[in-house]
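Visitor: Keeping their order, the protein sequence lines are chains A and B.
Per our numbering, the very first residue in the first sequence carries number 22; after that it's consecutive.
Per our numbering, the very first residue in the second sequence carries number 22; after that it's consecutive.
Possibly wrong hints are sitting among the right ones.
[Unchecked claim] Far from chain B by the CB rule (all over 10 Å, computed), these chain A residues:
no.	residue
1	87
2	96
3	99
4	112
5	123
6	331
7	419
[As the list claims (entries may be wrong)] Ranges between beta-carbon positions, derived for each pair:
no.	chain 1	residue 1	chain 2	residue 2	range
8	A	511	B	451	53 to 61 Å
9	B	512	A	149	30 to 38 Å
10	A	158	B	122	53 to 61 Å
11	B	458	A	149	36 to 44 Å
[To be verified] Restricting the straight-line Cα-Cα distance to at most 20 Å, the calculated cross-link-like pairs of lysine-lysine (PhoX-like) are:
no.	chain 1	residue 1	chain 2	residue 2
12	A	536	A	519
13	A	548	A	536
14	B	341	A	318
15	B	443	B	535
16	A	536	A	89
17	A	89	A	79
18	A	467	A	503
19	B	551	A	554
20	A	551	A	535
21	A	551	B	551
22	A	106	A	148
23	A	503	A	443
24	B	106	B	164
25	B	536	B	519
26	B	158	A	548
27	B	536	B	554
28	B	467	B	503
29	B	554	A	551
30	A	554	A	535
31	B	554	A	548
32	A	158	B	548
33	A	503	A	535
34	A	554	B	548
35	B	318	A	341
36	A	551	A	536
37	B	554	A	554
38	B	164	B	554
Because the hints were derived from the structure by calculation, they are not lab data.
Just so it is clear, CB atoms sit at the ideal spot from N, CA and C, and this is done for glycine as well.
2 protein chains.
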Amino acid sequence: MASSAPKALARVLRQAKKPSIPRSRHVQCFRPLREAARPFSTTQSRREDTSEPGHHVKYTTDMYPTLKRDSRYSEITPEHVEFFKSSIGAEAVIDGVTQDSADDIEGFNSDWMRKYRGHTKLVLKPKTKEEVSQILKYCNDNKLAVVPQGGNSGLVGGSVPVFDEIVVSLSRMNQIRSFDEISGVLVVDGGVILEVADNFLAEHNHLFPLDLGAKGSCQIGGNVATNAGGLRLLRYGSLHGNVLGLEAVLPDGTIVDDLGKLRKNNTGYDLKQLFIGGEGTIGIITGVSVQCPQRSKAVNVAYFGLPSFDHVQKAFRDAKIQLGEILSAFELMDGQSQGFVHRVTGNKNPLEDEHPFYVLIETSGSNADHDHEKLEQFLEHVMGEEIVSDGVLAQDETQVKSLWRWREGITEAIGHFGGTYKYDVSIPIQDLYRLVEETRERLTSKGLVGDDDSYPALGVVGYGHMGDSNLHLNVPVRRYTKEVEEAIEPWVYEWIQKRSGSISAEHGLGIAKKKYIGYSRSENMIKLMKQIKNLYDPQGIMNPYKYI
Amino acid sequence: MASSAPKALARVLRQAKKPSIPRSRHVQCFRPLREAARPFSTTQSRREDTSEPGHHVKYTTDMYPTLKRDSRYSEITPEHVEFFKSSIGAEAVIDGVTQDSADDIEGFNSDWMRKYRGHTKLVLKPKTKEEVSQILKYCNDNKLAVVPQGGNSGLVGGSVPVFDEIVVSLSRMNQIRSFDEISGVLVVDGGVILEVADNFLAEHNHLFPLDLGAKGSCQIGGNVATNAGGLRLLRYGSLHGNVLGLEAVLPDGTIVDDLGKLRKNNTGYDLKQLFIGGEGTIGIITGVSVQCPQRSKAVNVAYFGLPSFDHVQKAFRDAKIQLGEILSAFELMDGQSQGFVHRVTGNKNPLEDEHPFYVLIETSGSNADHDHEKLEQFLEHVMGEEIVSDGVLAQDETQVKSLWRWREGITEAIGHFGGTYKYDVSIPIQDLYRLVEETRERLTSKGLVGDDDSYPALGVVGYGHMGDSNLHLNVPVRRYTKEVEEAIEPWVYEWIQKRSGSISAEHGLGIAKKKYIGYSRSENMIKLMKQIKNLYDPQGIMNPYKYI
Chain A
22 MASSAPKALA RVLRQAKKPS IPRSRHVQCF RPLREAARPF STTQSRREDT SEPGHHVKYT
82 TDMYPTLKRD SRYSEITPEH VEFFKSSIGA EAVIDGVTQD SADDIEGFNS DWMRKYRGHT
142 KLVLKPKTKE EVSQILKYCN DNKLAVVPQG GNSGLVGGSV PVFDEIVVSL SRMNQIRSFD
202 EISGVLVVDG GVILEVADNF LAEHNHLFPL DLGAKGSCQI GGNVATNAGG LRLLRYGSLH
262 GNVLGLEAVL PDGTIVDDLG KLRKNNTGYD LKQLFIGGEG TIGIITGVSV QCPQRSKAVN
322 VAYFGLPSFD HVQKAFRDAK IQLGEILSAF ELMDGQSQGF VHRVTGNKNP LEDEHPFYVL
382 IETSGSNADH DHEKLEQFLE HVMGEEIVSD GVLAQDETQV KSLWRWREGI TEAIGHFGGT
442 YKYDVSIPIQ DLYRLVEETR ERLTSKGLVG DDDSYPALGV VGYGHMGDSN LHLNVPVRRY
502 TKEVEEAIEP WVYEWIQKRS GSISAEHGLG IAKKKYIGYS RSENMIKLMK QIKNLYDPQG
562 IMNPYKYI
Chain B
22 MASSAPKALA RVLRQAKKPS IPRSRHVQCF RPLREAARPF STTQSRREDT SEPGHHVKYT
82 TDMYPTLKRD SRYSEITPEH VEFFKSSIGA EAVIDGVTQD SADDIEGFNS DWMRKYRGHT
142 KLVLKPKTKE EVSQILKYCN DNKLAVVPQG GNSGLVGGSV PVFDEIVVSL SRMNQIRSFD
202 EISGVLVVDG GVILEVADNF LAEHNHLFPL DLGAKGSCQI GGNVATNAGG LRLLRYGSLH
262 GNVLGLEAVL PDGTIVDDLG KLRKNNTGYD LKQLFIGGEG TIGIITGVSV QCPQRSKAVN
322 VAYFGLPSFD HVQKAFRDAK IQLGEILSAF ELMDGQSQGF VHRVTGNKNP LEDEHPFYVL
382 IETSGSNADH DHEKLEQFLE HVMGEEIVSD GVLAQDETQV KSLWRWREGI TEAIGHFGGT
442 YKYDVSIPIQ DLYRLVEETR ERLTSKGLVG DDDSYPALGV VGYGHMGDSN LHLNVPVRRY
502 TKEVEEAIEP WVYEWIQKRS GSISAEHGLG IAKKKYIGYS RSENMIKLMK QIKNLYDPQG
562 IMNPYKYI
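Next up, chain A with everything else stripped away, as it sits in the complex (with noise of 0.2 Å):
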């Protein structure tokens, strides 16, 4: 049955020049994903993934053996640990200054990609504003470095500390706060997880305006601090946009009150924006009130098969144009990608034959009908046209969330054999694939990709949000060497400069891309950036060794 779809889809699209919808179209018959393929559903289980036997995580102070300790901070001492516990409560402090807490800590040492580790000995768990306040005064009096972290799922090591940093984490700074029906705006805490304030706005008939692969541990706040992009940026914009309001407290234990929730309110500089992507480096984001839109009627969800990147910009081109206001989400796979999923989640892809280019096209609006026959007269375009070689349309939500897993499941699948080296950056869309090929070149004529044991790179992958030119250049790894490493930086940044894109477009600086951020920003606005990092925290303790 599923093989004889794409074709049955076809005709019917062919057939289908009059208005009405037709409501019985062949239905493509998906096999779910398996449940492990599951882009993190939740803390606990990422958690569980970093201490399996046989990954090893090496030491960050081991890959980046020219990292020192900046001896302006001081050792932890058994007399901050009981200043801690007194001040917040011992159930809040995770000490393994004064104990054996190797075990409880390791999950807030090392990131999910097991890239990055840190050697902390101790964990806050603050629940107020007032207690995170109580911290950063204590930590900035006494020069103690501090680590923010939230659902620690970011890429590029800014959540984990480095050496002996206190990780402050918000997890159990977790509640909903407010939420008002007829504004649309959402009131929460910063550690309250992503997925659960948008199940909560879906019973409100609303939506987070943002959404990522790792929303089910991800946390507001952290998605705040880095200035999330994710799926749906296209249609719903940037947190900078979305955002209403901050709370958020300064080293130096300042509160700052800036929690409004106005659509508009031009009194003053809009200071809650420098923490927007800030990465915890000026303060600890506690509250964030946010825009959130109507949540769409009609959810819509096609997957087509390109024989050239030409073809993908065409029908963005065209999709931009004829899906217009409904457009959700652009997204592009490479066929590379799609092979990992398959290859790692034993799924049959949704399409019958292979293709160079896959592309997720998802559509939201407020009238199914209307959208049924928008996306049809795109479709008949397309394939009239020629500019997509096949195609599927999900039929029902769960064939929505079969053909989603396709795209969300990428990052988990290439990253199974190993590790994988992952760059996120900006790009003119007319250069966007060029990035991949050029790669691929360069790693294959050093001899560092293949199919035995015996090369370190499994393969060079792209895909991303085609949208906002923003692709995800992967290169999945057996082992993690100075030899790929090398081939790839600083080469691929000084490629992303002569097109004068971004080194990192969704997924921060942190210390993956601390050195290179000369790439993207001139010697000026570094100069500038630095100011306000200086003028924010002086004492320079706020998640050291990273950023500028």
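Here the structure of chain A is known, so what remains is to put chain B in place on it, guided by the hints.
Guide: Just chain B now, with coordinates in the frame of chain A:
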């Protein structure tokens, strides 16, 4: 013919149960508005307004007698003027220091509302960012105060001098630098007039994501500096989300080169955000890069009469649900506001009877048939449920423009009789109109509002961007008097503070709101804002006596 239109429309709506779209609906026969009633269509016409005989503009220093010239600023000397003439060319300098140029300078000294007037004797019109840099560096070194000026269409006196500050006009930096049809990214000089940019974009099927009444004279650099909100923020979001890059000059002459064209670029603090809404107090914006959406193929406008503000709220709630992604404006106008437009323009209201409230709804979408159908279902619903009392739907572009004039013409109409006390505020939507009612009661009880010339005020008017909870409370007056001002202020700000609103939703602080910022911002926030001001402008030369 006009008089029977609303009923005919209602009839048609009641019949229109079928999904097909009736093309020949009864056409409302609008008389065109007199040309003079259009809001400032060119800079020139506005400039002429300000010098009309009988409209004497008081000096700001007379209105605010407690303001004293800050003695840290140097007086302008002929040597200073000589420097400017030699560095940017004599033709770019309007020199009232060494010669009599009062007439040429007057338009730069006073605002279009005839409410603020400065004493400057020097206007500079640089043509490049390097010239702006030379000017600011010289002013900074010589302690000369500066006022950046765009289209001078602000409402809080932010763009005119108070004492003898040098005006730096961006009017000659008016080039469209580039536009990319695939990404929709437009790059312009700061002095490009909004309407010029939007007309250019129209030729390329795109739209500037900001629209406001003063579009014929306001400049994009000024729009960004004041974080202008306008008519379509509801649909396209704020400039904090839409501005992708900025080029600005700091007081010390540093050129901030952050003119990226990328939708995503997470490489460090998003410093450009400080200039968005910074009102020219930390630098001058010389270039802007902005994300522009596809221009909608179908634009529909409907205009309703409603019996109460409760009904307006119901209509808004249902418009959000039923019109969803195509809703591009939901504008509130009270009966008094429409009465003033009628009285000043002589035009007959589109609806037969008078109503306490009016609403203008605009939809913008990619498929005219679908949009018509959605709008019709909505109209049927609000007429059937008696949420609206009466309504008309524009049948062509001329009628679209005519209906918009009933909204856009308010500012000019109510200012016709002398002046206007204008309050641009954000209030939770439930309480939005109560402020107008209570202000009306207050001024009436004090005997300040009435129909003959013995009363200073002509009425109390409310209108605004309902979709953004943004009310314009306006008190048209025959003359500005202390009694009226003291009856309103600070009472109005206290009223807003109690409801956690904003005392300036979109018009900014300028000189008008400087001393009231405490009603919308905490002491901590104000302290942090002053830190930023001191960081970028330690000499305080930029736009003094205003903002914070």
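Visitor: Hint by hint, say whether it matches the structure.
Guide: Okay, the hints, checked on the actual structure:
1. Consistency note on residue 87 of chain A: stated as away from chain B, and its beta-carbon is indeed over 10 Å from all of that chain's, at 22 Å minimum.
2. Non-interface status of residue 96 of chain A relative to chain B is upheld: no Cβ of that chain comes within 10 Å, the nearest being about 30 Å off.
3. Every beta carbon of chain B lies more than 10 Å from that of residue 99 of chain A, the smallest distance being close to 34 Å; the non-interface claim holds.
4. The claim that residue 112 of chain A lies off the interface holds: its Cβ sits roughly 30 Å from the closest Cβ of chain B, which is beyond the 10 Å cut-off.
5. No Cβ of chain B comes within 10 Å of the Cβ of residue 123 of chain A; the nearest lies about 33 Å off, and the non-interface call holds.
6. Against the 10 Å criterion, residue 331 of chain A stays outside the reach of chain B, whose nearest CB is about 12 Å from its own CB.
7. Non-interface status of residue 419 of chain A relative to chain B is upheld: no Cβ of that chain comes within 10 Å, the nearest being about 24 Å off.
8. Separated by about 56 Å at the C-beta atoms, residue 511 of chain A and residue 451 of chain B satisfy the suggested range of 53 to 61 Å.
9. Taken as a hint, the range 30 to 38 Å holds for the pair residue 512 of chain B and residue 149 of chain A, whose Cβ atoms sit roughly 36 Å apart.
10. The supplied range of 53 to 61 Å is met by residue 158 of chain A and residue 122 of chain B, whose beta-carbon atoms lie about 57 Å from each other.
11. Taking the beta carbon of each, residue 458 of chain B and residue 149 of chain A are about 40 Å apart, inside 36 to 44 Å as hinted.
12. The suggested pairing of residue 536 of chain A with residue 519 of chain A holds, with an alpha-carbon distance near 18 Å, which does not exceed 20 Å.
13. Restraint check for residue 548 of chain A and residue 536 of chain A: satisfied, since their Cα atoms lie roughly 14 Å apart, inside the 20 Å limit.
14. Among the hinted pairs, residue 341 of chain B with residue 318 of chain A is consistent with the structure: their alpha-carbon atoms are about 12 Å apart, no more than 20 Å.
15. Between residue 443 of chain B and residue 535 of chain B the alpha-carbon distance is near 15 Å, which keeps this suggested pair within the 20 Å criterion.
16. With a CA separation close to 15 Å, the supplied pair residue 536 of chain A and residue 89 of chain A stays within the 20 Å bound.
17. For the hint pairing residue 89 of chain A with residue 79 of chain A, the CA-to-CA distance comes to about 16 Å; that is within 20 Å, so the pair holds.
18. For the suggested pair residue 467 of chain A and residue 503 of chain A, the alpha carbons sit about 13 Å apart, so the restraint of at most 20 Å is met.
19. Taking the CA atoms of residue 551 of chain B and residue 554 of chain A, the gap is near 16 Å; set against the 20 Å cutoff, the hint holds.
20. Of the supplied pair hints, the one linking residue 551 of chain A and residue 535 of chain A holds, its CA atoms being roughly 13 Å apart against a limit of 20 Å.
21. Our distance criterion of 20 Å between C-alpha atoms is met by residue 551 of chain A and residue 551 of chain B, whose separation comes to about 18 Å.
22. Annotation: proposed proximity of residue 106 of chain A to residue 148 of chain A holds, straight-line Cα distance about 13 Å (limit 20 Å).
23. Taken as a hint, the residue 503 of chain A and residue 443 of chain A pair is honoured in the structure, with Cα atoms around 15 Å apart against an allowance of 20 Å.
24. Between residue 106 of chain B and residue 164 of chain B, the direct Cα distance comes to roughly 18 Å. Compliance with the 20 Å bound is thereby established for this hinted pair.
25. Distance hint between residue 536 of chain B and residue 519 of chain B is fulfilled; the C-alpha atoms sit about 18 Å from each other, no more than 20 Å.
26. Between the alpha carbons of residue 158 of chain B and residue 548 of chain A the distance comes to roughly 18 Å, so the proposed pair stays at or under 20 Å and holds.
27. Of the supplied pair hints, the one linking residue 536 of chain B and residue 554 of chain B holds, its CA atoms being roughly 16 Å apart against a limit of 20 Å.
28. Proximity of residue 467 of chain B to residue 503 of chain B is assessed by CA-CA distance (about 13 Å); at most 20 Å being required, the pair is judged to hold.
29. The hinted pair formed by residue 554 of chain B and residue 551 of chain A meets the criterion: a straight-line CA distance of about 16 Å does not exceed 20 Å.
30. A C-alpha spacing of about 14 Å is found between residue 554 of chain A and residue 535 of chain A, which places the hinted pair at or below 20 Å, so the restraint holds.
31. At roughly 17 Å between alpha-carbon atoms, residue 554 of chain B and residue 548 of chain A fall within 20 Å of each other, so this suggested pair holds.
32. Using a Cα cut-off of 20 Å, the hinted pair residue 158 of chain A and residue 548 of chain B holds, with the two alpha carbons roughly 18 Å apart.
33. A C-alpha spacing of about 18 Å is found between residue 503 of chain A and residue 535 of chain A, which places the hinted pair at or below 20 Å, so the restraint holds.
34. For the suggested pair residue 554 of chain A and residue 548 of chain B, the alpha carbons sit about 17 Å apart, so the restraint of at most 20 Å is met.
35. Between residue 318 of chain B and residue 341 of chain A the CA atoms are separated by roughly 12 Å; this keeps the pair inside 20 Å, and the hint holds.
36. Distance check on the hinted pair: residue 551 of chain A and residue 536 of chain A sit about 14 Å apart at the alpha-carbon level, within 20 Å; holds.
37. Between the alpha carbons of residue 554 of chain B and residue 554 of chain A the distance comes to roughly 15 Å, so the proposed pair stays at or under 20 Å and holds.
38. For the hint linking residue 164 of chain B to residue 554 of chain B, the alpha-carbon distance of about 16 Å falls within 20 Å, and the restraint holds.
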